[in-house]
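The chain contents come next:
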Amino acid sequence: MGILDKLSAVADARKTLFPPGVDPLNVVIDEIYSATEASIGGHRVLLAGTNNYLGLTFDQHCIGAAQSSLEKEGTGTTGSRMANGTFAGHRDLEKDLANFYGCSNAIVFSTGFVANLGVISTLAGPGDVIVLDADSHASIYDACRMSGAEMIRFRHNNIEDLEKKLKRLGPKTEKTLIIVEGIYSMLGDCAPLAEVAALKKKYGAWLLVDEAHSLGVMGVHGRGMAEASGVEEDVDFIVGTFSKSLGAIGGYCVSNHPELDLVRYICRSYVFTASPSPSTIASVREALKAIQSKPELRTRLWDNAALLFHGLKELGFELGPDLSPIIAIRAPSREKTLFAWKALLDKGIYVNLVFPPAAPAGMSLLRCSISAAHTSEQISFLLQAFAEIKLLIDEQE
Amino acid sequence: MTPPRYDDIYKQVVALLQEYAPQPGPIREETELVNDLGFDSLKVMEMLNDVEDAFDITYPLNSLSDLKTVKDFTTQILNIIETS
Numbered sequence: 001m002g003i004l005d006k007l008s009a010v011a012d013a014r015k016t017l018f019p020p021g022v023d024p025l026n027v028v029i030d031e032i033y034s035a036t037e038a039s040i041g042g043h044r045v046l047l048a049g050t051n052n053y054l055g056l057t058f059d060q061h062c063i064g065a066a067q068s069s070l071e072k073e074g075t076g077t078t079g080s081r082m083a084n085g086t087f088a089g090h091r092d093l094e095k096d097l098a099n100f101y102g103c104s105n106a107i108v109f110s111t112g113f114v115a116n117l118g119v120i121s122t123l124a125g126p127g128d129v130i131v132l133d134a135d136s137h138a139s140i141y142d143a144c145r146m147s148g149a150e151m152i153r154f155r156h157n158n159i160e161d162l163e164k165k166l167k168r169l170g171p172k173t174e175k176t177l178i179i180v181e182g183i184y185s186m187l188g189d190c191a192p193l194a195e196v197a198a199l200k201k202k203y204g205a206w207l208l209v210d211e212a213h214s215l216g217v218m219g220v221h222g223r224g225m226a227e228a229s230g231v232e233e234d235v236d237f238i239v240g241t242f243s244k245s246l247g248a249i250g251g252y253c254v255s256n257h258p259e260l261d262l263v264r265y266i267c268r269s270y271v272f273t274a275s276p277s278p279s280t281i282a283s284v285r286e287a288l289k290a291i292q293s294k295p296e297l298r299t300r301l302w303d304n305a306a307l308l309f310h311g312l313k314e315l316g317f318e319l320g321p322d323l324s325p326i327i328a329i330r331a332p333s334r335e336k337t338l339f340a341w342k343a344l345l346d347k348g349i350y351v352n353l354v355f356p357p358a359a360p361a362g363m364s365l366l367r368c369s370i371s372a373a374h375t376s377e378q379i380s381f382l383l384q385a386f387a388e389i390k391l392l393i394d395e396q397e
Numbered sequence: 001m002t003p004p005r006y007d008d009i010y011k012q013v014v015a016l017l018q019e020y021a022p023q024p025g026p027i028r029e030e031t032e033l034v035n036d037l038g039f040d041s042l043k044v045m046e047m048l049n050d051v052e053d054a055f056d057i058t059y060p061l062n063s064l065s066d067l068k069t070v071k072d073f074t075t076q077i078l079n080i081i082e083t084s
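Here the protein sequences come in this chain order: L and Z.
For the first sequence, this note's numbering assigns the number 1 to the initial residue and increments by one for each residue that follows.
For the second sequence, this note's numbering assigns the number 1 to the initial residue and increments by one for each residue that follows.
I should point out that these hints are in silico values taken from the structure, not numbers from a laboratory.
Since the structure is predicted, the reported quantities are computational estimates derived from the model, not experimental observations.
We put the CB at the ideal spot given by N, CA and C, even for glycine.
Hints may contain errors.
[Said to hold, decoys possible] Which stretches of chain Z does chain L cover? Using the computed rule of at least three CB atoms under 8 Å from a CB of chain L, they are:
#1 11 to 23
#2 31 to 37
[Stated by the list, open to error] SDA-like mimics (lysine to any residue), calculated; alpha carbons at most 25 Å apart, straight line:
#3 L/K6 / Z/D56
#4 L/K172 / Z/K43
#5 L/K167 / Z/M47
#6 L/K347 / L/N51
#7 Z/K43 / L/P332
#8 Z/K68 / L/P332
[Claimed, not checked] Cβ-Cβ distance ranges computed for the label pairs, FRET-style:
#9 Z/N62 / L/F339: 37 to 45 Å
#10 L/Y33 / Z/N79: 53 to 61 Å
#11 L/I32 / Z/K68: 41 to 49 Å
#12 Z/K68 / L/G362: 19 to 27 Å
#13 Z/D40 / L/P332: 19 to 27 Å
#14 Z/G25 / L/Y33: 28 to 36 Å
#15 Z/R5 / L/G230: 43 to 51 Å
#16 L/S104 / Z/E30: 52 to 60 Å
#17 Z/E30 / L/R91: 52 to 60 Å
For reference, chain Z alone in the conformation it holds in the complex (with noise of 0.2 Å):
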């Protein structure tokens, strides 16, 4: 099976935040989910069913406290992926 990669998972987790963000807007590795998405928690947890289906992951919830960026939210499905 070939390895993941980063850019991959990016592209698919910008995917996903278009379509569950509060406050729609331009979407960068330093975009914050909270201040610039709007994202609250009732929020994320709504999208992370959908991250936990697309890579077929399970998704710790202690992991949301390291959650700032979108490039933290990648690292970290790259992450979960490589260990599973």
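This is chain L alone, in the form it adopts within the complex (with noise of 0.2 Å):
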């Protein structure tokens, strides 16, 4: 047997599920105008499925310095943080995270997916345990799973299941690093983080909490669902993203463990690959600056979330059970989804289609992402075209 013969399923699942042409999973846009707007196929398409929450792709100030940094650092750094790769802008904005955070000490990663894959699989080992919740982020599983620590699931947002699991492991509570999301990426649900909080305190345990979709979106100061739950004194590493509220890309974490600063030296996620462009964290720099500045984006942000979600409720839709940014519509079945996901491109639309393992518990997804840039008329023409869409559904069954 080859080691090619494995993705013959994967021909077979593409061939099954896409008609000839159709590849969402594959959708390029050929032309962005601005946070909310592209071309795809030769048409314009309102996009709203971009995680793009505060619409600072096209700040410009953020522009501003990214074209700065170019013209004055060029375009890469060509090394790792640990040889060439630091510059003085990677520390100023670790220091700017710090600071935001009220942290000790913050470190950047080149992405969200490699902080998550650096800093747990660093932080846990062998004889360590890692509670995680059932939902967490395919970097959240592929870092437990290198770590080496005894990884164990509990089920979504299930405070009774976390604590029956924290019981039973009894004085190893003190080597367990439990992981939640602040805001789930698939159904955009919240984590219950005052109660898992209280566990964790009550276990002698210690938590990790990925904002990577709450950033920017959740608290009184855009810190997260930490600050929004008033448990920021209990998280002892937050990670995130900058490629979503802060429109660039890269990753970090926080942490007032002065221990975070050794994990520079054996992170092999940091070590082993090249640092963010100067001008990606000079943008980065300016949309973090944004996020405390502008909290009324925040305000839009949250207005135009309720808008589409109350609005899709009033259609009929099954949604999520929170209202968050991430808004994801249920769809009966994959064949479904996947007609539904087309006929609102073809009416100029772009969201996500999700279908499992990426949805959790086998639920096929239309996935909105909504941003503090859309419009009202933006979402008038988003509900309008998913009430056509809804009436083709029914007419189906």
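Join these two chains into a complex; the hints should help.
Below, the structure written as structure tokens:
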């Protein structure tokens, strides 16, 4: 059996799922016009599946800072953080992040994925235990596997199950890292973080929160779910990304544990990959300023999310349990999800198509992510299109 | 408390596998979860919730890499019960 044979299952699945000429998992954006509009397949479309929560990808300060950095510092660092890839900007951004969170330590990584991969697999090792939410991101699962720690899953957002698992661990909880996300990426539901933090304290465990989708979105100051839940002091490590509300690419970890700084020396995804380009760092520093100086972006984001969430509910769609900027519509079958996704694209709307295992519990989803940059007219256009799609789906039943 | 017996656990495991198996069929000790019963990662995870409830155990995900047959599964559960 050759090494490529296993890919035949992928080929079969692609053939079965997608009709010829349609591949929703390989969409190409021909041209991007703004935070909310682009050209796909020669048609102008409204973007409603980008994670661009604050719409900062076209922020003039971010672009200006990136342009200036490009001219002064070039296109890339061509080296890892440990070698020649730490410029003054990387360290400055780490100071900015530490100040933003009121933490003593911060590390910048090349992506959010490798931040999780590196931090988790370095913090936990053989002899330790990781207790993770079942709906955790792939980067968390991969990191747990890499760590060599005992890996225990608790049912998604189920505090009783988490406590049951912690209780069974007995004294091992002092070497146990609990991992949850602020907002879960597929259904947009929020972690019951105050209760998780209370259990962490009760059982003497450690707590890491991935704020990828909640940075800039939750909390009065935009620091995420830990801030919104009033438990920042109980969270040992926060991991996040620059690729969503900050509109660029990169990742980070902040903590008040001074040992975080030692992670730099042994974390493989920090040591053995090239650092973010200086222009990316420059734009992220500006975006972080915007999160702090423009709370109105958060207000607009939540207003837009509420408008779409309640509008879709009124239309009779089955949505995720919580109102958040991620609005996931559960469709009755893969075929109908694909049909609706294509029909939306034909109407000039791009949303994410999500099939299992990316979507939890075998669900098929049309995943919308809303931006502060969306106008009320664009939300109305979305709702109108979804109303028409609903009719088409209902007609098929 | 009476120590758990392999045979009792095996019977319960078979019942759970019959409930969740995507490709139902005869189940014996040497039956393979993936190749014979059609389990994929999602289905296994779904079943593990019930396995944990049925035996009041925590099943570490690391054990999945050593899980191939019904006998493996039964032995793993027995070991978890005995060591917890």
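Outcome of the hint check:
Look at the stretch 11 to 23 of chain Z against chain L: 0 of its residues bring a Cβ nearer than 8 Å to a Cβ of that chain, fewer than three, so the hint is violated. Under the rule that three or more residues need a Cβ within less than 8 Å of chain L, the assignment of the stretch 31 to 37 of chain Z is violated, with 0 such residues. Between L/K6 and Z/D56, the direct Cα distance comes to roughly 36 Å. Violation of the 25 Å bound is thereby established for this hinted pair. Distance restraint check for L/K172 and Z/K43: the Cα-Cα separation of roughly 29 Å exceeds the 25 Å cut-off, and the hinted pair is therefore not satisfied.
The suggested pairing of L/K167 with Z/M47 holds, with an alpha-carbon distance near 22 Å, which does not exceed 25 Å. Under the criterion of a C-alpha separation no larger than 25 Å, the hint pairing L/K347 with L/N51 is consistent with the structure, at around 21 Å. For the proposed pair Z/K43 and L/P332, the alpha carbon gap of about 18 Å is at most 25 Å, so the pair holds. The straight-line distance between the Cα atoms of Z/K68 and L/P332 is roughly 32 Å, outside the 25 Å bound, and the hint therefore fails.
With their beta carbons about 40 Å apart, Z/N62 and L/F339 fall inside the hinted range of 37 to 45 Å. At roughly 59 Å, the beta-carbon separation of L/Y33 and Z/N79 lies within the given 53 to 61 Å, and the hint holds. The hint said 41 to 49 Å for the Cβ distance between L/I32 and Z/K68, and at roughly 48 Å that hint holds. Between Z/K68 and L/G362 the beta carbon distance is about 23 Å. The supplied range of 19 to 27 Å therefore holds.
A C-beta distance of roughly 21 Å is found between Z/D40 and L/P332, which places it inside the suggested range of 19 to 27 Å. One distance hint, 28 to 36 Å for the beta-carbon pair Z/G25 and L/Y33, is violated here, with the actual separation near 55 Å. The hinted range of 43 to 51 Å is satisfied by Z/R5 and L/G230, whose Cβ atoms lie roughly 50 Å apart. Range check, L/S104 to Z/E30: Cβ separation about 56 Å, and the 52 to 60 Å hint holds.
Range check, Z/E30 to L/R91: about 59 Å between beta-carbon atoms, so the 52 to 60 Å window is met.
In terms of the numbered hints stated before, the structure departs from hints 1, 2, 3, 4, 8 and 14, listed from lowest to highest.
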